[in-house]
Each structure stands twice: as structure tokens, then as C-alpha cells.
Amino acid sequence: MTDRLTSVREIIKTVLPGVDGVLALRSGPGGIVAPYLFSKEHPEELAKLAIWPKEPVPDTLKIILKAHPEAKIAIVCRGCEERGIVEMYKHAQFSLDNVTLIGLQCLQDEAEFCRCAKPYTVHAKTTIGEPIEGVPDSLTDKIAAMSADEKLAFWKQEFEHCIKCYGCRTICPQCFCNICALEDEIWVETGRLPMPNPSMYHMVRAMHMTAKCVACRECEETCPADIPMAVQFRLIARDVKEMFNYEPGAIMEQKPPQLLVLEEGDYARTGLPH
Amino acid sequence: MNEPKIIGFLCNWCSYRGADTAGMARMKYPPNVKIIRVPCSGRISPELVLRTFREGADGVMVLGCHIGDCHYSTGNHRTAKRMPVLKKLLEYTGIDSDRLYINWVSAAEGEKFSTVIKEFTEKISALPPFMETMK
Amino acid sequence: MIEYENVLTTCPYCGTGCAVHLQVLDNKLVGVLPAKNHVISKGGLCIKGWNVHAFVNHPDRLTKPLIRKNGVLEEATWEEALDLVATKLGEIKNESGPDSIAFLSSAKCTNEENFLLSKLARAVIGTNNIDHCARL
Numbered sequence: 243m244t245d246r247l248t249s250v251r252e253i254i255k256t257v258l259p260g261v262d263g264v265l266a267l268r269s270g271p272g273g274i275v276a277p278y279l280f281s282k283e284h285p286e287e288l289a290k291l292a293i294w295p296k297e298p299v300p301d302t303l304k305i306i307l308k309a310h311p312e313a314k315i316a317i318v319c320r321g322c323e324e325r326g327i328v329e330m331y332k333h334a335q336f337s338l339d340n341v342t343l344i345g346l347q348c349l350q351d352e353a354e355f356c357r358c359a360k361p362y363t364v365h366a367k368t369t370i371g372e373p374i375e376g377v378p379d380s381l382t383d384k385i386a387a388m389s390a391d392e393k394l395a396f397w398k399q400e401f402e403h404c405i406k407c408y409g410c411r412t413i414c415p416q417c418f419c420n421i422c423a424l425e426d427e428i429w430v431e432t433g434r435l436p437m438p439n440p441s442m443y444h445m446v447r448a449m450h451m452t453a454k455c456v457a458c459r460e461c462e463e464t465c466p467a468d469i470p471m472a473v474q475f476r477l478i479a480r481d482v483k484e485m486f487n488y489e490p491g492a493i494m495e496q497k498p499p500q501l502l503v504l505e506e507g508d509y510a511r512t513g514l515p516h
Numbered sequence: 006m007n008e009p010k011i012i013g014f015l016c017n018w019c020s021y022r023g024a025d026t027a028g029m030a031r032m033k034y035p036p037n038v039k040i041i042r043v044p045c046s047g048r049i050s051p052e053l054v055l056r057t058f059r060e061g062a063d064g065v066m067v068l069g070c071h072i073g074d075c076h077y078s079t080g081n082h083r084t085a086k087r088m089p090v091l092k093k094l095l096e097y098t099g100i101d102s103d104r105l106y107i108n109w110v111s112a113a114e115g116e117k118f119s120t121v122i123k124e125f126t127e128k129i130s131a132l133p134p135f136m137e138t139m140k
Numbered sequence: 010m011i012e013y014e015n016v017l018t019t020c021p022y023c024g025t026g027c028a029v030h031l032q033v034l035d036n037k038l039v040g041v042l043p044a045k046n047h048v049i050s051k052g053g054l055c056i057k058g059w060n061v062h063a064f065v066n067h068p069d070r071l072t073k074p075l076i077r078k079n080g081v082l083e084e085a086t087w088e089e090a091l092d093l094v095a096t097k098l099g100e101i102k103n104e105s106g107p108d109s110i111a112f113l114s115s116a117k118c119t120n121e122e123n124f125l126l127s128k129l130a131r132a133v134i135g136t137n138n139i140d141h142c143a144r145l
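Chains as they are written, first to last, in our numbering: chain E, 243 to 516; chain Y, 6 to 140; chain D, 10 to 145.
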């Protein structure tokens, strides 16, 4: 890990003079890591550069670019973060004209931690580390193989622990709606815990993550109740790949299925009657 | 289940008129489906279907125009994209995805309408009430 | 020059004291991030923690002492306000006794501030009527 950290630091040093800032992680008091914009005015901060644990940097990029649309920002991002940035760009959250992606490839234990199928970047021109193969998502496969009754009992028990902190929604790079459906009383009852079964909050969230979830797992990491909701998002992502041949964040020019009219081939794969 | 409660969302321009056609020809079909007319099947969001189940519906039907015939040209494309994913999500949560039925019924297809209602009502009658399974 | 950083602090709302990062862009508070590798909160926050930044610059927030004069709240100085409070508390204590006054403290205060308030209640006013918002 130290070698990677040094490499990232060296690359940031070369990139810094040409940009308004490099968005990466900084280790703060007590070794607590958080996103930070390294600038040429404060080169001494680079000594505190960190690369683990990963943080929700796509959203931070959006905050900065919203306030400074013309700014030239470079960002150190892992595979999932890069996908998050590309998807946000596709949904017109910011422009990538002045953004430089610095791709950080994940290590084996990092990929296993996230059960990640694609722990590498595809768009960044500057990269650190060698891309490794993804790991199978054994948790998702295990839950997918359960019987209907087992699944019902499993998710009922998991969702019962939800305290409605809205953390999964707030930290998700793809959740940028100004008016969130989950805050609408019509869909999600207020003042009721545990949430009644089936949990509207989680199911509506899963539907809204269709063709948007980039499998960054930030939602699961911030959940105080340790609910494995990314499992449902990933199962749906597999269907989206099959039905619409779409993977969020993979191909820059490919428009998301929500924005497109159905082609004949797509329609046949949805399984609907003809 | 003796008397299942089924909600049918019918689009104004095709399937609702198909229901009219069935009615005018006095075709018989079970009375369990409560019909709600919407401008287009594309209006039916996944939240709406989920809430309908939560309110006690044992089955939900979404009937729209055939692909290519939508009054709003691509409204039913939204249905065709969202509803299959919702069916998958129901399956992943352990809910019988057969409880959600999607089909295309044109204004002239009165007979298809009554057949579809009959078959779906029979299927849902064989299942336990939805809220019982949620306990 | 663009300045963005995360300032590590503790959520003021309850006794758990989750670590929270305040997102500061160009010296303005813009949001909140959890502290993922903090040993206690481990990256989790409750709904109140996620919205800690909301009250800081809220338009409804009091920024000056206000005294009600003739039914209308008017801006005052700290001296005026504190003099009024001290006078009134003294009057109430003389008329109705020290136990007619109760003190309610807050989880947002430090231990030291809570100690001072209990000194004020017990030593200055002479009552044991002191409690804490967490008990509500």
C-alpha cells in the first residue's frame, strides 16, 4: 500500500500546477480519512495523503463544480468512483470538460471487501497500479439462491433494523434529485419504526437505482444497521445488463435506458408479451 | 382465496376502451378487478404499484396500448422498461412476481380483455391474500 | 483559489457523540460526511447527524439577544439581556422560593458547562430542580 501511496503522491505533484485542485483523501486528526482538495498553495498537505478507506468523492466533485463550474479539477478515483462520476455526467450533474481522472486500481483485499466485479478504472488516462480481476459476489449469489420464503424472511428481518437515517440515499453518488420520492409521505410513511413490511423505502430506492447503481457499496458502508441493500441493487443491475445491455459508467457515450426509446431487440428481452 | 382484491390500471386510450368494448358486447368476466383509468400506462410508477400492494391488493394489473400504438408515442416504452424490473425486484424480495400482471390490450380487443381478467383472477384466487404473506 | 476540506467534529445532538465531517467549501458549510474509519461511529450517522449542518446558517437561527418590549421582540445587548434575566430570577426566588425555578440542560453542552449550570441551580439559586434534555 505504501508504494501506491507514494505513486499517487508523485502523480498529484506533477498534476497540481496545471489545475485548480486535486480531489483526493487526506488523513486528519486521529487518522480519520476524508476527501480534501489539494492545492498548489498548500503543498505541505500532501504529506497527509491517504487512499483507504475510500470515500464518496463523486458527490464532493459535484459540490465543487456546482460552485465553480469553470474550475479545472483532477480527481483520484477508484473504478467504482469513476463509474459514479461518469454516470453523474451522463445525467447532466456537471461537465467533464475540465476534469482530469486519475485512476487508482484496487488491490485484491480491497476488491474482496467490496465484493467488486470491476475493481479498476476504464476511462482515466493516468492510472496507478495494475488492474486485477473482479471477485465474485458470494453474498449476492447466496441470497439470490434462497427460496422465496427464505428471501421474504431474510429481507423482513434486515429491513426491520432500518432506522431511516436516509444515509444510503444521501451518500449515494447517483442520488441527486432535488425532490426525493423517499421524502414524499405518499410513498414512505413518516413516524413509523420499524417500517411496515414490505418496506416501501427500500423497494422504491431499489427501483430508482435501476440502471444507475455503480456498485460502489457506499450505501452498505454507511448503514448503521448493516443492511446489505447493495445485494438488491446488484441483482437488478444484472437484469439491466441482460435486458438493456447497459452497464452504468462503463461506456461514456452510451445513453442510459431511461433516456432512450426502446428498440425492438430491447423489447424482446424484457420478457413482456408481444 | 375466495374473493381476491385486484386493482387494474388501464390506459385511457386503449385498454380502458377495450374494457368498454367487452362491456358493450356483454362479455362475462369476474368482478374482482377494480379498474382505475390513467392517461397512459407509462404513468404507472413502481411506487404506485408497491403502494397498491401495501394497501391490500392481492394482485395488480397494468394494461396499456401495444408497443407502437401509444397515444403519447413512447409512454408505453416506459411501462415496458420499468415494469419488468419491478417484477424482478418483487422476486428478489421473496414476493410472488406473478401478482403483477402486464399486458397490452387495444380498444378493439374486448375478448382479450375479458380473457385476461378471467385468467388473472383465477391465478390470484389460488394464492393466499398478499398481506397474509407479509406477516 | 478554491478551498475544500472536511473538518472532523462530534455531532451535537445526542449522547452517542458520533464523529462527523463538516464539508467546508470556500469557508462555507455545505454538507456533512460520516467518518468511515472512526472507531466509534464507523461511518454511520442517524438522520439528525446527517443534517447537523442545516441549523448552522439557518435563517431562523437567533443571532442576537431579543427582549420583549410592549409585546414585541426587540434586539438587545448581552448586558441588557443578562441583567434582565438576573433581576427576574432574583425576584422570582424572593417571591416564590428557590424551588419554583427549574433548570434544563442540554446534550449539546460540554460536561463543564453542565457543571456550571448545576452550580448556578444549587449554589446560587438554592434548588435541586435540574435536569437534562435527554430525559425528555
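Treat the hints as calculated values from the structure; they're not laboratory data.
Computed from a predicted model, the values in this text were never measured in an experiment.
A hint or two may mislead.
[Claimed, not checked] Derived list of chain E stretches under chain D, where covered just means 3 residues or more per stretch with a C-beta under 8 Å from a C-beta of chain D: (1) 261-270; (2) 274-281; (3) 402-411; (4) 427-436; (5) 460-468.
The beta-carbon is built from N, C-alpha and C at its ideal position, and this holds for glycine as well.
Now for the hints, and whether the structure bears them out:
1. For the region 261-270 of chain E, the proposed coverage by chain D is satisfied: 5 residues have a C-beta within less than 8 Å of a C-beta in that chain, meeting the threshold of three.
2. Only when three residues or more bring their CB closer than 8 Å to a CB of chain D does the claim for the region 274-281 of chain E stand; here the count is 7, and the claim holds.
3. Here the region 402-411 of chain E counts 5 residues with a CB under 8 Å from a CB of chain D, which clears the bar of 3, and the coverage holds.
4. A stretch counts as covered by a chain when three or more of its residues have a beta carbon under 8 Å from one of that chain; for the region 427-436 of chain E and chain D the count is 0, and the coverage is violated.
5. Only residues whose beta carbon comes within less than 8 Å of a beta carbon in chain D count, and the region 460-468 of chain E has 4; three or more means the coverage holds.
Checked against the numbered hints above, the structure breaks only hint 4 and satisfies the rest.
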